[in-house]
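Construct the complete structure from the given sequences, taking the supplied hints into account.
Line order of the protein sequences matches chains A and B.
At position 464 of the first sequence (counting the first as 1) the number is 464 in UniProt numbering, and the numbers step up by one without a gap.
At position 112 of the second sequence (counting the first as 1) the number is 112 in UniProt numbering, and the numbers step up by one without a gap.
What the hints contain is simulated information worked out from the structure, not anything from laboratory work.
If you're wondering where the values come from, they're calculated on a predicted model, not measured in any experiment.
There's no promise every hint is true.
Claimed, not checked - Calculated lysine to aspartate or glutamate pairs in the DMTMM-like style (CA-CA distance at most 20 Å, straight line): (1) B/Lys-109 with A/Glu-160; (2) A/Lys-109 with B/Glu-160; (3) B/Lys-380 with B/Glu-59; (4) B/Lys-136 with A/Asp-145; (5) B/Lys-431 with B/Glu-160; (6) A/Lys-109 with B/Glu-17; (7) B/Lys-42 with B/Asp-25; (8) A/Lys-469 with A/Asp-115; (9) A/Lys-136 with B/Asp-145; (10) A/Lys-342 with B/Glu-220.
Unchecked claim - Reference listing, derived: stretches of chain B covered by chain A, where coverage requires no fewer than 3 residues with Cβ under 8 Å from a Cβ of chain A: (11) 50 to 62; (12) 212 to 225; (13) 410 to 421.
Every residue gets a Cβ at the ideal spot worked out from N, C-alpha and C, and that includes glycine.
Protein chains: 2
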Amino acid sequence: MKSKFPGEDHLYLQVAEGVEKMIGDDILRIGDKLPSVRVLSKEHGISMGTAFQAYYHLEGKGLIESRPKSGYYVRFNPRRFADLPKKMDPVVTPVEKVTNQDMIMQMIKTMTAEDIMNFALASPSVNLLPAARLSKSVVHALRNDPHQCLQYEHAQGNPELRKQIARLSFNWGGKVKPDEVIITSGCMEAVVMALRSVTHAGDTIAVECPSYFGIYQVIESLGLKLIEIPADPVTGIDLDGLERAIGKHSIAACLLVPNFSNPSGSCMPDEHKQRLVQMLTKHQVPLIEDDIYGEMYFGRQRPRTCKYFDKEGIVLYCSSLSKSLAPGYRIGWILPGRYMDKVSSIKMMHSISCATITQQALAHFLGIGRYEYHLKNLRKALHTQCLRYTQAIMQYFPEETRISRPQGGFVLWVELSKHINTYELWLEAMKHQISIAPGSIFSNSANYSHYMRIGYGKPWDDKVDKGLKTLGNLVRKMS
Amino acid sequence: MKSKFPGEDHLYLQVAEGVEKMIGDDILRIGDKLPSVRVLSKEHGISMGTAFQAYYHLEGKGLIESRPKSGYYVRFNPRRFADLPKKMDPVVTPVEKVTNQDMIMQMIKTMTAEDIMNFALASPSVNLLPAARLSKSVVHALRNDPHQCLQYEHAQGNPELRKQIARLSFNWGGKVKPDEVIITSGCMEAVVMALRSVTHAGDTIAVECPSYFGIYQVIESLGLKLIEIPADPVTGIDLDGLERAIGKHSIAACLLVPNFSNPSGSCMPDEHKQRLVQMLTKHQVPLIEDDIYGEMYFGRQRPRTCKYFDKEGIVLYCSSLSKSLAPGYRIGWILPGRYMDKVSSIKMMHSISCATITQQALAHFLGIGRYEYHLKNLRKALHTQCLRYTQAIMQYFPEETRISRPQGGFVLWVELSKHINTYELWLEAMKHQISIAPGSIFSNSANYSHYMRIGYGKPWDDKVDKGLKTLGNLVRKMS
Numbered sequence: 001m002k003s004k005f006p007g008e009d010h011l012y013l014q015v016a017e018g019v020e021k022m023i024g025d026d027i028l029r030i031g032d033k034l035p036s037v038r039v040l041s042k043e044h045g046i047s048m049g050t051a052f053q054a055y056y057h058l059e060g061k062g063l064i065e066s067r068p069k070s071g072y073y074v075r076f077n078p079r080r081f082a083d084l085p086k087k088m089d090p091v092v093t094p095v096e097k098v099t100n101q102d103m104i105m106q107m108i109k110t111m112t113a114e115d116i117m118n119f120a121l122a123s124p125s126v127n128l129l130p131a132a133r134l135s136k137s138v139v140h141a142l143r144n145d146p147h148q149c150l151q152y153e154h155a156q157g158n159p160e161l162r163k164q165i166a167r168l169s170f171n172w173g174g175k176v177k178p179d180e181v182i183i184t185s186g187c188m189e190a191v192v193m194a195l196r197s198v199t200h201a202g203d204t205i206a207v208e209c210p211s212y213f214g215i216y217q218v219i220e221s222l223g224l225k226l227i228e229i230p231a232d233p234v235t236g237i238d239l240d241g242l243e244r245a246i247g248k249h250s251i252a253a254c255l256l257v258p259n260f261s262n263p264s265g266s267c268m269p270d271e272h273k274q275r276l277v278q279m280l281t282k283h284q285v286p287l288i289e290d291d292i293y294g295e296m297y298f299g300r301q302r303p304r305t306c307k308y309f310d311k312e313g314i315v316l317y318c319s320s321l322s323k324s325l326a327p328g329y330r331i332g333w334i335l336p337g338r339y340m341d342k343v344s345s346i347k348m349m350h351s352i353s354c355a356t357i358t359q360q361a362l363a364h365f366l367g368i369g370r371y372e373y374h375l376k377n378l379r380k381a382l383h384t385q386c387l388r389y390t391q392a393i394m395q396y397f398p399e400e401t402r403i404s405r406p407q408g409g410f411v412l413w414v415e416l417s418k419h420i421n422t423y424e425l426w427l428e429a430m431k432h433q434i435s436i437a438p439g440s441i442f443s444n445s446a447n448y449s450h451y452m453r454i455g456y457g458k459p460w461d462d463k464v465d466k467g468l469k470t471l472g473n474l475v476r477k478m479s
Numbered sequence: 001m002k003s004k005f006p007g008e009d010h011l012y013l014q015v016a017e018g019v020e021k022m023i024g025d026d027i028l029r030i031g032d033k034l035p036s037v038r039v040l041s042k043e044h045g046i047s048m049g050t051a052f053q054a055y056y057h058l059e060g061k062g063l064i065e066s067r068p069k070s071g072y073y074v075r076f077n078p079r080r081f082a083d084l085p086k087k088m089d090p091v092v093t094p095v096e097k098v099t100n101q102d103m104i105m106q107m108i109k110t111m112t113a114e115d116i117m118n119f120a121l122a123s124p125s126v127n128l129l130p131a132a133r134l135s136k137s138v139v140h141a142l143r144n145d146p147h148q149c150l151q152y153e154h155a156q157g158n159p160e161l162r163k164q165i166a167r168l169s170f171n172w173g174g175k176v177k178p179d180e181v182i183i184t185s186g187c188m189e190a191v192v193m194a195l196r197s198v199t200h201a202g203d204t205i206a207v208e209c210p211s212y213f214g215i216y217q218v219i220e221s222l223g224l225k226l227i228e229i230p231a232d233p234v235t236g237i238d239l240d241g242l243e244r245a246i247g248k249h250s251i252a253a254c255l256l257v258p259n260f261s262n263p264s265g266s267c268m269p270d271e272h273k274q275r276l277v278q279m280l281t282k283h284q285v286p287l288i289e290d291d292i293y294g295e296m297y298f299g300r301q302r303p304r305t306c307k308y309f310d311k312e313g314i315v316l317y318c319s320s321l322s323k324s325l326a327p328g329y330r331i332g333w334i335l336p337g338r339y340m341d342k343v344s345s346i347k348m349m350h351s352i353s354c355a356t357i358t359q360q361a362l363a364h365f366l367g368i369g370r371y372e373y374h375l376k377n378l379r380k381a382l383h384t385q386c387l388r389y390t391q392a393i394m395q396y397f398p399e400e401t402r403i404s405r406p407q408g409g410f411v412l413w414v415e416l417s418k419h420i421n422t423y424e425l426w427l428e429a430m431k432h433q434i435s436i437a438p439g440s441i442f443s444n445s446a447n448y449s450h451y452m453r454i455g456y457g458k459p460w461d462d463k464v465d466k467g468l469k470t471l472g473n474l475v476r477k478m479s
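This is how it looks when you write it as structure tokens:
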């Protein structure tokens, strides 16, 4: 369940993992007293300090709690989650009007507000990011570039940064060359350029349902039509459903978030990815793969990508550093496969190049190995936060509440009782300075009006606890 | 003719201007000996140092020269230019295939090469830009932002930067509010968003002929059609021609560079701008005004913009700091008038926001008044370079060569003998590590194959002189 980095695990993490497994296997049950720190240290032949660290780590995840003058007790079993949200059946025919534009715009206006408890975000709290280290890389770039980063960068992107991005692909087994990478202004520009490269106005795009509202907006703004394919809350898009849609309609491209989809948190198993790519290759339908959350996995290994299984270059792989490192730097990339020339000329025509300074700074930061180091900490923090938020929702919300079990990413997908309209809940919550993302904006045709997305990017603290408690109370009142 | 900043002129500039006027009025003729520095200082009651500075300034512009042990002599009359390039008549019907894409891509590949004498660029040499001061503003931004510029900036752009951009509009008489500004990734993104906001695929856009090749590329890539309207080399687009085209065809928008058009260097007189805006308002045709060169004027006053005459919000004004301050920062803006909501939502959907750090750094740089100061120096330098390059072309090229007389901007538009194909000239010149922009890429239908664009953004020196001499020799050989 928990993150482990082979060959690099700290002793305390190994011990903590052992305890966590015993809780998961119901050997230690909720309420059971744990061995004292002294006993734990003797049992494992570790120092008192290491034993304490192990308990401290488990406490952070909310799995155990310390009771004053009494010791440590089991608090939560990570395998005893709430039920999963249900799979919905959207209307599988092409449609043109694809967004709840008004509701989205209304919500987005409050997104950057700083004085609210913002559960509507799907991004990390800024204090999880290595701000000081990144600033050093900016200063390094200014000092080492002969023109102090004033000149245009190559349209395709800074060569050193492209080398680093190519290296990152090792994490999912990729063998990408720097020449196959185009740097973009974040992942969204990559997705837009991919869509522009493989579609024309009036074409139909297949997406999974639910999908990120920004994807619906972009599809609408490019004059494209949309087919929503049902998706499983754990394994992602329904491949049979997709194949039927391809057989029935002319589909110009498929746009998916295979790893830790937003909002459902689903992650396609490798064999699904392989089958998907084979199917799309057979039908010659390009796949736009949005892998923006791929590095934020909680398990032992980074999930593979669809690009990994792509033999003929039909996958346009898009990602960025906006969710994992530096949102405000606006740096993403695309590996456009066989559409390289098309994407590359669109990039050059439409925005010439990305900012030189942020590209050079990130090339430096990645080049000295700080990104891998940072990601390890970020993954741990997010996993912990995911568990704490889940526990709080289970505690404060009505019993029928269903919650997703993401294995990575930033969000929980929460299904409430059918009677509750989460847009009304949002209006109500905003009176208490709390924001959520109402479910209706994540689909065009499926009825997610009693769903909501809760982002857990903010580290757990009393304010978060209080916010979720208030939200739970509001839900109970509306029930 | 020359730049003057009311109330701020240095004494030496006033004296130099007097001498320049006498040369222009043929009171002092080419070859005439000028009074000695001592006499000049006595005549004007100025110090020897100031008198020397005045001559030094005129020498920099190539108007006078010092002969060793003899004194200063008149070298060039700024009013005796070569003939202007001829106005061409493009085909005024909508067309779809609008670019010489292959030729453009071939040329662009050599654009960033550093080991060549690159007359193909329309931008300032980096050593004309205040690199060190800008770096200080970057460091200031990092230190003063609570999140060290890591967070997303507002989709509309940094509020302080928008305030500074609004202030910049004072220069052309504008009364722009910060809320009316959207920050973009350079001017090209602004133009693309403007086009996307007011057109659909298949619509027809009117442009002046010749126009910047990037504009043709963007129009083609958005699936738009094109009508080229003839333009005068001095006063810009032919308004009667435009009105006839509007009467005859359905035109979705008009896209112009009214100030120092690229490549012709033409600048629409104020009364033309006013008539244009009235005409387009009457016909309800939106005007996309690309004013990227507007601040680089050589005269006494910044030319007005079409936006200035816009009563009903039909002008989408686009500009940037890429040509005047920081190309690699990728910061531009759009004042979308009545299309605010549309442009604003496209910006948010397609690229979320621009880089935080470059926005904050430029907000600081502009806020402390460094931009105005820098612009004064830049304008002087460009005017001088424009004159030196013109003189060299007159000296080294065949007599029939016609040259534009830009009152601002970065480029000369040069017409050679009809027999000369400037694409072949470019191929030949590249063997000598010299690049030019061949005329054919600046129109779809008019035959500019014997024209070329020469950028004078690089300060005058022996290498530039040698480069133009070599180019002149190649042209003579081809004649």
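Point to revise | Distance restraint between A/Lys-136 and B/Asp-145, which requires alpha-carbon spacing of 20 Å or less | key: holds (15 Å)
Review point. Are there three or more residues in the stretch 50 to 62 of chain B whose C-beta lies closer than 8 Å to some C-beta of chain A?
Key: violated (count 0)
Exercise for review: Take the stretch 410 to 421 of chain B, compare each residue's beta carbon with every beta carbon of chain A, and decide whether three or more fall closer than 8 Å.
Suggested key: With 0 residues closer than 8 Å to chain A, the stretch 410 to 421 of chain B misses the three-residue bar; violated.
Review point. Within 20 Å, alpha carbon to alpha carbon, are B/Lys-109 and A/Glu-160?
Key: holds (19 Å)
Check your understanding: Does A/Asp-145 lie within 20 Å of B/Lys-136 when you go C-alpha to C-alpha?
Key -> holds (15 Å)
Check your understanding: Does the alpha-carbon distance linking B/Lys-380 and B/Glu-59 stay inside the 20 Å limit?
Key -> holds (13 Å)
Review point. Is the hinted pair A/Lys-469 and A/Asp-115 satisfied, with a Cα-Cα distance of at most 20 Å?
Key: holds (18 Å)
Exercise for review: For the pair we were handed, B/Lys-42 and B/Asp-25, check the Cα-Cα distance against 20 Å.
Suggested key: Violated - the C-alpha atoms of B/Asp-25 and B/Lys-42 are around 23 Å apart, more than 20 Å.
Check your understanding: Is A/Lys-342 close enough to B/Glu-220, meaning Cα to Cα at most 20 Å?
Key -> Measuring from Cα to Cα gives roughly 13 Å; hence the hint holds.
Point to revise | Given pair status - B/Glu-160, A/Lys-109, alpha carbons within 20 Å | key: holds (19 Å)
Check your understanding: B/Lys-431 and B/Glu-160: Cα distance at most 20 Å?
Key -> violated (48 Å)
Check your understanding: Is the Cα-Cα distance between A/Lys-109 and B/Glu-17 20 Å or less?
Key -> Not OK: A/Lys-109 and B/Glu-17 at ~55 Å, beyond 20 Å, violated.
Of the hints listed earlier, those the structure fails to meet are numbers 5, 6, 7, 11, 13, in rising order.
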